[in-house]
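**Q** Using the sequences provided together with the hints, build the complete structure.
So the sequence lines, in the order shown, correspond to chains C and E.
Residue numbering for the first sequence follows the working numbering, starting at 82 and increasing by one per position.
Residue numbering for the second sequence follows the working numbering, starting at 401 and increasing by one per position.
Honestly, the hints are just simulated from the structure, not real lab data.
Don't be surprised by glycine CBs; every beta carbon is placed ideally from N, CA and C.
What you were told as hints is all true, and nothing was included just to trick you.
Beta-carbon label-pair distances, calculated as ranges:
1. E:GLY598 x C:ASN170: 53 to 59 Å
2. C:THR142 x E:SER416: 36 to 42 Å
3. C:ASP156 x E:LEU860: 34 to 40 Å
4. C:GLY191 x E:TYR417: 28 to 34 Å
Residues per chain are reported as follows:
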Amino acid sequence: MTNPNPILKADDLSKRYEDGVLALDHLNLEVRPGEVYCLLGANGAGKTTTINLFLNFIPPTTGTCYIQGIDVNKDPLEAKKHVAFVSENVMLYGNFTARQNLDFFAKLGGKPNLTKEQYYQVMRRVSLQEKAFEQRVKTYSKGMRQKLGISIAIIKDASGILLDEPTSGLDPKAAEEFQEILAELKGEGKAILMSTHDIFRAKDIGDRVGIMKEGRLVMERTREELQYEDLVKIYIDYMKSEPLTA
Amino acid sequence: MLKTIVKKELLENIFSYRFPLFALICVILIPLGMFVNNAQYAKRLKDYNEQVRLADEAQSGLKIQDLMAGRVTIKGFRPPSQLSVFAQGLENAFPAYYQFAQDGFSQGESSSGDATLTSTQGKFDFVFLIQMVISLVGLLFASDMISGEKESGTLRAMLSNSLPRDAILVGKIAGGYLALLAPFFVALVMGVLLLLPGGFPIFAGDIPARIAVMAAAAALFILIYYVIGTMVSAMSAKARTSLVAILLIWTGFQLVIPKLSDMAAALIYPVRTDTQVSLEKSLLVNTLETESAKELGRQYDQIFAGTKSGTADDANSPERKKWDPIRDDLQLRTREKKAAQLAAIDETFLAQQRRQRNLAATLSLISPSSAFGRLAADICGTGDLARTKYIEAVRSHQKALDNELFSKVKRTLMMHDNGRTTMMFSAQPVDPKTLPKFVVAPATLGEALKANTSSLLALLFWLIAPFGIAYVRFLKYDVR
Numbered sequence: 082m083t084n085p086n087p088i089l090k091a092d093d094l095s096k097r098y099e100d101g102v103l104a105l106d107h108l109n110l111e112v113r114p115g116e117v118y119c120l121l122g123a124n125g126a127g128k129t130t131t132i133n134l135f136l137n138f139i140p141p142t143t144g145t146c147y148i149q150g151i152d153v154n155k156d157p158l159e160a161k162k163h164v165a166f167v168s169e170n171v172m173l174y175g176n177f178t179a180r181q182n183l184d185f186f187a188k189l190g191g192k193p194n195l196t197k198e199q200y201y202q203v204m205r206r207v208s209l210q211e212k213a214f215e216q217r218v219k220t221y222s223k224g225m226r227q228k229l230g231i232s233i234a235i236i237k238d239a240s241g242i243l244l245d246e247p248t249s250g251l252d253p254k255a256a257e258e259f260q261e262i263l264a265e266l267k268g269e270g271k272a273i274l275m276s277t278h279d280i281f282r283a284k285d286i287g288d289r290v291g292i293m294k295e296g297r298l299v300m301e302r303t304r305e306e307l308q309y310e311d312l313v314k315i316y317i318d319y320m321k322s323e324p325l326t327a
Numbered sequence: 401m402l403k404t405i406v407k408k409e410l411l412e413n414i415f416s417y418r419f420p421l422f423a424l425i426c427v428i429l430i431p432l433g434m435f436v437n438n439a440q441y442a443k444r445l446k447d448y449n450e451q452v453r454l455a456d457e458a459q460s461g462l463k464i465q466d467l468m469a470g471r472v473t474i475k476g477f478r479p480p481s482q483l484s485v486f487a488q489g490l491e492n493a494f495p496a497y498y499q500f501a502q503d504g505f506s507q508g509e510s511s512s513g514d515a516t517l518t519s520t521q522g523k524f525d526f527v528f529l530i531q532m533v534i535s536l537v538g539l540l541f542a543s544d545m546i547s548g549e550k551e552s553g554t555l556r557a558m559l560s561n562s563l564p565r566d567a568i569l570v571g572k573i574a575g576g577y578l579a580l581l582a583p584f585f586v587a588l589v590m591g592v593l594l595l596l597p598g599g600f601p602i603f604a605g606d607i608p609a610r611i612a613v614m615a616a617a618a619a620l621f622i623l624i625y626y627v628i629g630t631m632v633s634a635m636s637a638k639a640r641t642s643l644v645a646i647l648l649i650w651t652g653f654q655l656v657i658p659k660l661s662d663m664a665a666a667l668i669y670p671v672r673t674d675t676q677v678s679l680e681k682s683l684l685v686n687t688l689e690t691e692s693a694k695e696l697g698r699q700y701d702q703i704f705a706g707t708k709s710g711t712a713d714d715a716n717s718p719e720r721k722k723w724d725p726i727r728d729d730l731q732l733r734t735r736e737k738k739a740a741q742l743a744a745i746d747e748t749f750l751a752q753q754r755r756q757r758n759l760a761a762t763l764s765l766i767s768p769s770s771a772f773g774r775l776a777a778d779i780c781g782t783g784d785l786a787r788t789k790y791i792e793a794v795r796s797h798q799k800a801l802d803n804e805l806f807s808k809v810k811r812t813l814m815m816h817d818n819g820r821t822t823m824m825f826s827a828q829p830v831d832p833k834t835l836p837k838f839v840v841a842p843a844t845l846g847e848a849l850k851a852n853t854s855s856l857l858a859l860l861f862w863l864i865a866p867f868g869i870a871y872v873r874f875l876k877y878d879v880r
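**A** Below, the structure is given as structure tokens:
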């Protein structure tokens, strides 16, 4: 079986902020089609910085992010055509209905001619209640907003998906539903990079799991390797270990 | 892509709680202001017509004896500007009339005799509403345009797509601006329609063009405030910070700079008061006439010394033939000297006033609100240009009356060496019906625009500079 080219790739990626904080230190990772890569780590470990670099929200200090082989820093607009993003708190336009939000972001994502029924299909797929389709989003619970956020990612039909702690704050049922949707997207060949604090979910869904500490990727395990190891113990051991030296 | 963002921004604004409030303010206040001002204009017009009729009657009944006694003053009234319905400007500050006499003109009382203390805070007209209300709403609408979307996280969601930042900025400005403009134009049309039953001559002369240009200037002014709000929003990380900055900017532009520019101009170029100038003119006239009277008395005494009684009344006597040209020459020289020196005083005074006003106008261009106010007032015929035209008409009318009326009467005042004072009169017939009418030619729209080149340039500056800053800041805006 051939090893396909990675959709998402961080190549020797570092980020030092203006205040001198080294948020990311020579990160290398790859996410291939049909693969879910979970980034674990404490707050400030560099997970969100990694996602911000992939989205060109900030420029890297050194190294390169690639999306579908395109250098994000050199051609961000072309690179971002191939990636969708779901944040921890999916923020949408509260005065718009779910369909209006979906329509707006679909157009931004390069899908200008979708029908109402197509929007409804996507919302059904993420188990959003029918009656909520034409409701203003400001009335939505967090779980509903996350579902709508993933609908936006689905409708863009990008090959890469970046998820920044998407299940944080969700109730177990909503988190489970969210995980099922991710499994489907993985099955469709999407490359998914997800930052999370949820070790159990990472083990469940991740094809690979990386642990970050002080901007460095200090451990990486495959799903197969994790069958014989206790991820929780590994994670806690890393978190308890001495600070890294530069 | 741009269309999508414009549409989103437009709808987001329309769906917000602010929009119906703003629309309500527009559709109530703008038509109401125009309706009330139209009623006031009608009242002023009625007053003007009545005053002109009375003045015409007085002029047609003009008696030569009154003229010889120096009791004749002719009044010239300025007609109210029809477009004061939109911008009252200086309309009530202008003298209601000027008085013309042999010794020159003087201004009558201003038409703001019924002014109240609250009226000093600005007249409730279309331009005032745009300057004070819509400008603030424009700033507030734009205040959270970028910082607000950053706080809510939607900016990150947008920028995670293949979307150039300049398209987002332009789209957001365009969409938000359209949301502001729509109720404004609806209210303007409603206001104009409300004027029609009152007989407002909406299609007369260049009125439609003036209204269109003023509406365009108002649209530009609203855009400027929206872009300034956007700039502040692009410079702030938090919507609350934007809000505070915006309120400070609005206060500076609307309230502080216009007042400060007038004060600074008055300090830099102080100008004498009307009373001081009037006293100086009286003193001059008195001095010149006394000098002339003494010289005439001396010459008269020399020529008629030792002649028998009645010689001075005999036009064919050799003494009269000698006296008449001397008297005419002296009077002519005195009249010319008086006219020249009075004109010089007027000219100096007007030039000082003009210089002070020009300085105040230039300083006030620091505020886009002042620039717009000046432009709108001149378009409506109630600004500085109307004042200039009024003064031009007054000076021209004084000249015409000097030629047609005042020069027809000769009063010869003589002060003799023995302390005796005598006055002799001679007059040519005057037909009051042939006297020129006082007409103030309004400035054309072209003249108004030309006179406001600096205002227009200032407005363009206030559009381009904040947009440039907003553009540069937004390209580097930290969306995290």
